[in-house]
Structure formats: structure tokens, C-alpha cells
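Join the two chains, each given in its own frame, into one complex according to the hints.
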Amino acid sequence: MKSVPVKVEHEGRWVPTTMGIAEDRFRIDLPLKQEVPYKSVVDLEEKKNQVIITAGADGETVYRIASVEKVLAVLKKFIITQASAYRLNAFFMSPAIRGGVLVQNAQWEKGAIAVMKTGIWFVSQEKQVCIPLDEVTGIELTSREIQEKNLDVVKIDHLIENELVTSFVLCPLTTLQVLYNFLKEATHDTEIREEIDPLTGQVAMLVYSGMDSSAIENMLKLSHKELEAVYEKLLGSGLAEVLYVRKEVQLTPKGVRYISESVKSPID
Amino acid sequence: MGRILIVDDTMFMRTLLKNILFSGGHDIVGEAADGAEALARYQELKPDLVTMDVVMPKMNGIEALKAIKAADPAAKVIMCTAVGQEQMVKLAVKSGARGYIVKPFQAPKVLEEVKNVLSA
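One line per chain: the protein sequences are A and B, in this order.
Heads up, the first sequence is in the UniProt record's numbering, so the first residue is 1 and it goes up one at a time.
Heads up, the second sequence is in the UniProt record's numbering, so the first residue is 1 and it goes up one at a time.
So here's chain B without its partners, still in its complex pose (with noise of 0.2 Å):
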């Protein structure tokens, strides 16, 4: 089980991962609503693993996954987007990403994802 920091800039979805996670049996650690925040959060408070938005105000995801991996290069993202914003996965692997799940998305599929990524 892992100490999770959501990023997401809408409340509906953070609260909506948070629940999922949490049925998992993970720890939410933090929560952030623009990419700015999630790197400030993620230096304070070191988290297994992070689920980032991609399209967010002040910093996009891309730019905060980029910022958390230049700050700590193991650190363990999973890409967060849209339907039809697919074509973000290459730019987001090559960023550093872990994993990528597509909303509108199912909650043992996240656990899965997110279980696999952890045990990575």
C-alpha cells in the first residue's frame, strides 16, 4: 500500500481518486490543484506515488511531472487525462511517466494500475 498525493485542479476528481484509492487500502498523503502546487507538495512530502492531471491552470501536468522528476529522479507518476488526449502519452512517457490512466476510468483498474507502478 502506498502514501499518495492527488493532483487534480477539479474537486469532483480528487475526490473521486481519493475514494477509489483509499478503498484500496492507500494512504492520501496530500492533494494539490495546479502543477505548482503539486511540486511544492510533493518536496514537502514525499509521496510513494502521485496521480497528476494533465490539463491544469499555472503549471500543466507535463510541466509539474518534468519539475518532481528533475527534483528526484525515482519519483513514481501516473499520468491522468481525458479521453482523446491519448496522444499526451508519449510526451508524458518520455517525461518520466509511470503509468497513465484515461478518465472517465474504473476503480479496479486504477488499483490495478497503481498497484503495478508501486510494485515496479
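Same shape as in the complex, but just chain A (with noise of 0.2 Å):
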């Protein structure tokens, strides 16, 4: 087994060391000196330049581990592809659109996806895409034009950094029907389920599409105390949470799920 440089977290600090990745368990070496087979991790994360690994079969045992993308990709491939999860060989489209605006080189890759505790991972030949189940906004069991042919997908809206994606997944049909169903449970927490009045759903497509207070109350002719009345209603709903200033909202999960589904029947 290989070493490479890593950095691990232990006892709630960073510490340098090596790591071994081999074909089925990574081992990492001191301060941790663990040999983790990946058919028991559960679960996986990653933020940036670290992926956090969670093992066992309660999910006992956490790694963060920091490394150089070339590690953590390898690391990561072994892990979705033997890990402990639902597997499914299937076609993916991520992103397909990104931030309403289509993606012009999309395109279908096959590959395989893993579903997580936390999260949706595809992966192919070329990517490692991670979709964290509380980012997604949106699922749609819906139909798509491949190759002069309607076939069946699964159509997953979520937000890479504040900025609605939709991605696409393709396999047969009884296989959809089951990622679909999970997606569909696991985000049932940002279902819509207040009332939102026309004036809230005016001013939450405002702030999704990145317009600041003062634009927003010169847009619909509202006074700084109007608005922060329809702030206080985004932020008690869960729709929007404080950006940086007590003025200034983003839209939460459940907000983007709002408006995506509100555009289907326009705000007048």
C-alpha cells in the first residue's frame, strides 16, 4: 500500500502524517494508526480540499482528512464505489443548468451513483460529484429527449454555492422510481407547506436573483420598514436566512424550492 501525505483531524486539531489507499481499505497512519475497510464506511462528505469519512455500522467513527485533490479523488472513487450504500449503474447529467443558465457542454456520463446518509454522490471515468441531500431544492420524476427518444430521468435541482443547479440522472425506470422516492423523503424538510403571499414570493425571487434591499424596495415601491416586515416573514418561514447583516437575507434550500416552483405558475 502507498503512503501519501495527508493531514488528519485529531483531538480537534490538524495533524500532519501518511495515509495508504489500497483496493479495498485505506489505512492512515499515526497519531491514528486505523486500517478502515471501505465496505464499512456509511457515509461521505467533502469540503474543499478535505473529505469527512464516517465508518462503522452505527456511524461510530468520523476521519477528516486533508489532502491534495489527486489523493482525495482516488480516495474517494474506492469509497463511492464499495461503500456501504445504495449503488445503481446509471447516466448523469451534473450540471446540466447552473444558475438558469443551460450548461453548453453538458453531456451524458456513464457512470454509477451512490446514495449516502447525507448525501447523492455520481460518479465516472471523469467526475466525482457530490449532491448533499440538504442542498437539493427539487426532484422530478419527468421525461427528456436522448438521442431522438423521450426517455425517463429523475431531474434533481440544488444549489452548489448559493447558485441553482439541475442535474439528471437516467436508468430504468423501476430503478428511478426508487432514487426518487428516497430523494423525495430524505428532503421532505423543505417541502412547501405555509401559505407565502404574492408580495414575500416577489421579494424571495428578488433575493435569489441577487438584488440587494435597496433594489428590491426601489423595484416594488416598498419602504425600508415594508421590506423588513417581508424579511421577517422569508426568515420565519425558513425561505431566507441573515446573510451578514441583519438586513441582508439568501434564500435557504426551502426558499429556492419556493420560487423553482413558483415560476411554473409566473408571479404577477
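These aren't lab readings, by the way, just hints derived from the structure by calculation.
As the structure is a prediction and not an experimental result, all values here were calculated from the model.
Virtual Cβ for every residue (Gly too), placed ideally from N, Cα, C.
Wrong hints could be hidden among the right ones.
Claimed, not checked - Calculated cross-link-like contacts (lysine-lysine; reagent style DSSO-like; alpha-carbon spacing at most 30 Å):
| id | chain 1 | residue 1 | chain 2 | residue 2 |
| --- | --- | --- | --- | --- |
| 1 | A | 127 | B | 115 |
| 2 | B | 66 | A | 149 |
| 3 | B | 18 | A | 233 |
To be verified - On the chain B side, residues computed to face chain A include the following (Cβ under 7 Å):
| id | residue |
| --- | --- |
| 4 | 15 |
| 5 | 101 |
| 6 | 103 |
| 7 | 105 |
Here it is in C-alpha cells:
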């Protein structure tokens, strides 16, 4: 097993060490001195240049590992293909739409999908894409024209750095149905149950589009106090969260789900 | 920077696009609320670019796009529609659309797409 330099979180601080990545397990050297079979991994998350690996039947051990992209890519690929997760072979296209604009070079990639505790992973020869479940803003079982045939796909809307991204998954319908049901269940917390009045809906749309408070006040002819009251509603219903000062907010995944659904019947 | 005609049947969306495009330094030369008005305004204003909603009363966006392209084959039109109507893309591209944006959209992405189409 070849050793590569990494940093691991140990007793609350980052410690430089080495790790070995084999076909069926990884090893972290001192101070952790652990060998972890990939099949014992139950969750995998990524944050910039680190991965968070949860292993053990009850998810009792968490490893935070930081390294260069190349090392993490190899590690992620082994984990995604062998971890204890619902896995299926599929074609995926991610991202297909980003921030409302179609991605020009988007194409279907042949690979696998692994459904883990906190997110779903797409993996192909070229790519590893993670969609954290708490960043999913919409799921739809729909059809899409592919090579002049109308085929069933699951469409997943999700946030990447607060930008709405759409990805598609293509596989046999029975498998798609399982994936769709799982995602529906996993994201039911962001379903819109409250009644949102038209003004609040318009403000949500403007916040998402990138308008600041003064632009929103001008566009909707609102006083500062009136906009503040709408923000209170957005915050109260969980559609938005305070960004950096009391008066500026950004939409939560639930908020993006609301405006995505609302444009299907335009906000007048 | 371009002279742009905004076509959308909802005033809210027109205002939003107007603000985004204005913030990017573009000149909004006119607005239209349906396809028929879009065609008339296009012929009158000869804008550098049109942002065109797909679902509109009287004449929809695809029909308006075809009519504008018939009148001016060099016309630059970006189609604009809601999530879930992406299937319209092929039809719009076949009909001569140069770009496509999907609602809800974010200002930087819209400006990037407009810049790409204007410079093409």
C-alpha cells in the first residue's frame, strides 16, 4: 500500500501524517493508526480540500482527512464504489443548468450513483459529483429527449454555493422510481407547507436573482420598514437566512424550492 | 454593451430583467408583453438582442422568435422560460434562438449569457 502525505483531524486539531490507499481499504498512520475497509464506510462528505468519512455500522467513527485533490479523488472513487450504500449504474448529467443558464458542454456520463446518509454521489471515469441532501431544492420524475427518444429521467435541483444547479439521472424506470422516492423522503423538510403571499414571493425571487435591499425597495416601491416586514416573514418561514447583516438575507434550499415551484405559475 | 428588447408577459419579470441588464451596463430600448407586440417593437427598434419569454398570450415566444428571424435572420434572441420547460430548448434552437435562460435565474449568469450572445 503506497503512502501519501495527508492531514487528519485528531483531538480537535489538524495533524500531518501519511495514509495508504489500497483496493479494499485505507490506512491512516500515527497518531490514528487505523485501517478502514471501504465496505464499512456509511457516509462520505466533501468540503473544499477535505473529506469527512463516517465508518462503522452505527456511524461511530468519523475521519476528517485533508489532502491534494488527486489523492482525495482516488480515495473518493474507492469509497463510492465499495461503501455500504444504495448503488446503481446510471447515466448522469451534472450540471445541466447552472444559475438559470444551460451549460453548453453538458453531456451524459456513464457511471454509478451511490446514495449515502447525507448525500448522493455521481461517479464516472472523469468526475465525482456530490449532492448533499440538505442542498436539494427539488426533485422531479420527468422525461427528456435523448437521441430522439423520450426517456424517463430524475431531475434534481440543488444548490452549489447558493447557485441553483440542475442535474439529471437516467436509468431504468424501476430504479429511477426507487431513487425518486428516496430523494422525496430525504428532502421532505424543505417542502413548502405555508401559504406565501404574492409580495413575499416576489421579494424571494428578487433575493435569489441577486438584488440587494435597496434595489428591491426601488423595484417594488416598498419602504425600508415594509421590506423589513417581508424579510421577517421569509426568515420566519425558513425560506431565507440572515446573510451578513440584519438587513441582507439569502434564500435557504427551502426558499429556492419555493421560487422554483412558483415560476411554473408566474408571480405577477 | 447592447441595446436590448425585453419580452415577457409579467411586469414583474420584465422589471427584474431590466434591473439585471441595466446593472450590466446595457441599454433597455423597449419592452413587450406578448409575441405580437415583440415583433412590432423589434421592427421599430432594431435592438441588438431580445430576451424572449416562451409562454405568452396571443403569440407565444417560439412563434415570435420565428417571425423575428423571418424578418431579420441575423436577429439575436435569448429564450427565457421556467424550470421544467427545458424541452423547449431544441425547438427554440431549431427556430434560431442564440441562447436560453431558465427561471429562476441569477444576475451574473444572465449577464454572462447576454455577453456571450452579443459577442458571438
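(message) Output the indices of the hints that this structure fails to meet, ascending.
(response) Hint check: nothing fails, all pass.
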